[in-house]
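Participant: Following the hints, position chain W against chain V.
Protein chains in written order, with our numbering: chain V, 1 to 283; chain W, 1 to 428.
What the hints contain is simulated information worked out from the structure, not anything from laboratory work. Be aware that one or more of the hints could be misleading.
Okay, derived cross-link-like pairs now, DSSO-like style, lysine-lysine, Cα gap no bigger than 27 Å in a straight line [said to hold, decoys possible]:
{"no.": "1", "chain 1": "V", "residue 1": "Lys28", "chain 2": "W", "residue 2": "Lys231"}
{"no.": "2", "chain 1": "W", "residue 1": "Lys231", "chain 2": "W", "residue 2": "Lys109"}
{"no.": "3", "chain 1": "V", "residue 1": "Lys28", "chain 2": "W", "residue 2": "Lys191"}
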Amino acid sequence: MKFRAKITGKGRLELFIHVSGTVARLAKVCVLRVRPDSLCFGPAGFRGLREAGLRCEAGLWCEVRRGAFQQFRMEGASEDLDEIHLELTAEHLSRAARSAAGASSLKLQLTHRRCPCLTVAVALASPLGRARSVVHDLPVQVLPRRAWRDCPPPSLRAADASIHLPRWKTLRSIVERMANVGDHVLVEANLRGRMTLSMETEVVSIKSYFKNLGNPPESAGVPPHRDPESMVQVRIDNRKLLQFLEGQQINPTMALCNIWDNSLLQLVLVQEDVSLQYFIPAL
Amino acid sequence: MAAMLKCVMSGSQVKVFGKAVQALSRISDELWLDPSKKGLALRCVNSSRSAYGCVLFSPVFFQHYQWSALVKMSENELDTTLNLKCKLGMKSILPIFRCVNSLERNIEKCKIFTRSDKCKVVIQFFYRHGIKRTHNICFQESQPLQVIFDKNVCTNTLMIQPRLLADAIVLFTSSQEEVTLAVTPLNFCLKSSNEESMDLSNAVYSEMFVGSDEFDFFQIGMDTEITFCFKELKGILTFSEATHAPISIYFDFPGKPLALSIDDMLVEANFILATLADESSRASSPQSLCLSQKRKRSDLIKKKAGKNITGQALECISRKAAPRRLYPKETLTNISALENCGSPAMKRANGDVSEVSENSVSNTEEVPGSLCLRKFSCMFFGAVSSDQQEHFNHPFDSLARASDSEEDMNNVCRKEFNGSDAKYFCII
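The following block holds chain V by itself, in its conformation from the complex (with noise of 0.2 Å):
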């Protein structure tokens, strides 16, 4: 089993940092899946979205492509089994990346020392010749086959609806303040661009309306008799939302929501070669 990889440049490096930093938020120990195109970070011990009911737990996703690198080698154990899994606490590999701020270049390669590590190797060098070099070996645990998960995107049907988010600051103080208040947000969308987030309590009643949000251009899935004026709507824990919006790091250049009627909320946020999933199961 052989992997080695390299990340050059500021804007990657960076983004390379706040997508550590974002799993490192959400998850204490995650599932590094190294494909032969792309990592991707899950959640540890999850069980994989069923179909049927889509019953799961909140989880993120994160998938970084090969074009974030600028070199990429894996070799899996044999022919067949070309992935490596392997689980690690995500504060380490966050640390370890954020000492890669400023750096000239940042290497991860499969290693073993006293136990398999992933080794974080980060160069600086600057125009004045100083050159300084941080190494960080990062225990990891190596998966076998009968302990790998589904890596998504899983093969779900298409979202009744599908709408881009709102701006993220403004989301997330909303959501923030509704936090204080209760622990369910019931999530409304249509397909004609309009969001709507709603809390009650005994006392209070919470309502926020967006519009003019624009949805994505809709795929082959979706059912044609839907309405699209019609709300879809889903009342999940408002806590997991905050979480990711707080958590997460990354700038994207497309944030969007998927609804599940009364069943899965799902959060995608893309930027370059980075795409992170966050899923929240109905309540």
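Facilitator: What follows is chain W alone, placed relative to chain V:
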């Protein structure tokens, strides 16, 4: 007349003073205020006696500096000079200097005053418009501690910008207690210590290599690897933010303490940290005292001699005892006495050598019954009995500045005591 201290500072001076208090608070919960002709020294020691900090403000740092010691004439022609023995709880003094930036902006003057016959230190801040804030802090009477450490004889000396230390500190997680510094004449490397029996399955190993050209001064006498507690570095970094002076690091072989110092003419800060001793250096080195300990730093400070010792006994001074002279013949107006800091292992000697338990100073051979998992060398030494004085021709002096002391600072004195295999060594 009593021993007293009176000093006055401006707003910007208070900022430096406050930063010093903050830096020392990272080491210990207690602080000694120790005035002398050299200036006002703030001293502290951590609870396991493995780290010592001292910030010395020279008299010219202050707008006004006045101090005195009490000289007591006694019958046997031996004048005793009693210095101010003032120990403050960090919990009392730290909150006063918490917001140094706002103090710097808002106060016109700060006055600190205390006398040994009063039981409190008075700190006053004078603001604009006649507003005055006064703090009275009770102090405990306690002989300050000192470390004897000659920076100039260290084989290895580095001078770094504080920035480098700050960068290093963020690398190592707070769960890692110790780091190892490995140097060669061309290279500098700071790495996670692998001495600890850490949880292998979940500990990150980190290493930082820095080229020698990033140092202001890089003189390495021999390839060295030393291990020390990493947390205490944060203290000196706090202080370096106040002075903008580079940090000098002095060290030798494993087991010998490491000194970090900042000297900007008006203020001199020294932080001495114990380092982990090598197994191999234990038997051979006559200059370090290796203590065996179980999983924690051993108590390094010994009680030092009192006056008029007969025989070759090691005597202990208890912390609450009346002030004592160290050397009957020399006038030590400065602190200088090393004090027992409450080591449970040290017993009062009655003409015999005190028993040494595994927590106290031991000889370089095996201390029976102790589990030598880790060894930290002894940092604090002091000449001990009065009848051995002829071997000891220099007074205890405060740290550093070997260049301006006229005494021979390179003495190594050995003392042997009856009834014990213990050998006590001093490094001067």
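Participant: Taking the hints in turn, state whether each one holds.
Facilitator: So, going through the hints one by one against the coordinates:
1. Lys28/V x Lys231/W: holds, 25 Å
2. Lys231/W x Lys109/W: violated, 33 Å
3. Lys28/V x Lys191/W: Roughly 25 Å separates the two Cα atoms, so the pair holds.
In terms of the numbered hints stated before, the structure departs from hint 2 and from no other.
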